[in-house]
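J.: Sequence:
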Amino acid sequence: MGKILVVDDDPQITRALRINLATRGYDVATAHDGATALRETAGGKPDLIVLDLCLPDTDGIDVITAIRGWSRTPILVLSARRDPHSKVAALDAGADDYVTKPFGMDELLARIRAATRRSAAVAALAQQALVDTGTFTVDLTAKRIWRDSVELHLTPTEWGVLDVLARNRGRLVSQRVLLDEVWGPGHRADGHYLRVYIGQLRRKLEPEPARPRHLITEPGMGYRLV
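So for the sequence shown, UniProt numbering puts the first residue at 1; every next one is plus one.
You may find that some hints are simply not true.
[To be verified] In silico lysine-lysine, DSS-like type, Cα no more than 30 angstroms apart, as pairs:
| no. | residue 1 | residue 2 |
| --- | --- | --- |
| 1 | Lys3 | Lys45 |
| 2 | Lys45 | Lys143 |
| 3 | Lys45 | Lys101 |
| 4 | Lys3 | Lys101 |
| 5 | Lys87 | Lys3 |
| 6 | Lys143 | Lys204 |
| 7 | Lys101 | Lys87 |
| 8 | Lys143 | Lys101 |
[Stated by the list, open to error] FRET-style restraints, in silico, Cβ to Cβ:
| no. | residue 1 | residue 2 | range |
| --- | --- | --- | --- |
| 9 | Ala129 | Arg176 | 21 to 29 angstroms |
| 10 | Ile216 | Pro84 | 13 to 21 angstroms |
| 11 | Ala110 | Thr157 | 46 to 54 angstroms |
| 12 | Ala16 | Ile216 | 57 to 65 angstroms |
| 13 | Phe103 | Arg169 | 40 to 48 angstroms |
Think of the hints as simulated: they come from the structure by calculation, not from any bench. These figures come from a predicted structure and were not determined experimentally. Note that CB positions come from ideal geometry on N, CA and C, so glycine has one too.
Make the full structure from the sequences, and use the hints.
T.: Structure (structure tokens):
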């Protein structure tokens, strides 16, 4: 079910949450202040954080801001602060949801399930957007590419060709589709464009451009990224 970090200085609330979450199969860690919460987040890598805003050493919003500097772990605020300003400030700082005390356990559990589902969906999409060939890695969302941990620069047209191949990784992409996607339907007869730009990409990305392992030509048909 995943690991949840409960951050609250009220021992009754942390005990109630630990029991209810553990009963439903969650691994539960607790923290009573902001400093401990940051250490637990960094070291324990929870799948979700339930965070009170009123902590003995710092404001919970500062904890959210600090975590968001390096982590996208879902944060569900559980606070007695009911004023709109606190809710807006917490959400703007990076919280994913906000529940006010006193709270119903069934509602809280439903919000936890919803937050973990959203997080899993986002992680799956991010994974799909990363294409790792073993030689170079393409981030389709950020439009960035690395080889041997060094970020490479591609021209807009080179990126356009690679983007189409990466989104169809492993599958044959016909010359017509590539020309339509990158240059437009008016260039379907300009197959020489592809030969030029595939050659440029191989020189930048392949260990041996003359013997490509990843940017493969399928003679008379098109190209494939493997």
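J.: Could you run down the list of hints and mark each one as holding or not?
T.: Now the hints, each set against the structure:
{"no.": "1", "hint": "Lys3 <-> Lys45", "verdict": "holds, 8 angstroms"}
{"no.": "2", "hint": "Lys45 <-> Lys143", "verdict": "holds, 28 angstroms"}
{"no.": "3", "hint": "Lys45 <-> Lys101", "verdict": "holds, 26 angstroms"}
{"no.": "4", "hint": "Lys3 <-> Lys101", "verdict": "holds, 22 angstroms"}
{"no.": "5", "hint": "Lys87 <-> Lys3", "verdict": "holds, 25 angstroms"}
{"no.": "6", "hint": "Lys143 <-> Lys204", "verdict": "holds, 16 angstroms"}
{"no.": "7", "hint": "Lys101 <-> Lys87", "verdict": "holds, 13 angstroms"}
{"no.": "8", "hint": "Lys143 <-> Lys101", "verdict": "violated, 43 angstroms"}
{"no.": "9", "hint": "Ala129 <-> Arg176: 21 to 29 angstroms", "verdict": "holds, 26 angstroms"}
{"no.": "10", "hint": "Ile216 <-> Pro84: 13 to 21 angstroms", "verdict": "violated, 57 angstroms"}
{"no.": "11", "hint": "Ala110 <-> Thr157: 46 to 54 angstroms", "verdict": "holds, 49 angstroms"}
{"no.": "12", "hint": "Ala16 <-> Ile216: 57 to 65 angstroms", "verdict": "holds, 58 angstroms"}
{"no.": "13", "hint": "Phe103 <-> Arg169: 40 to 48 angstroms", "verdict": "holds, 45 angstroms"}
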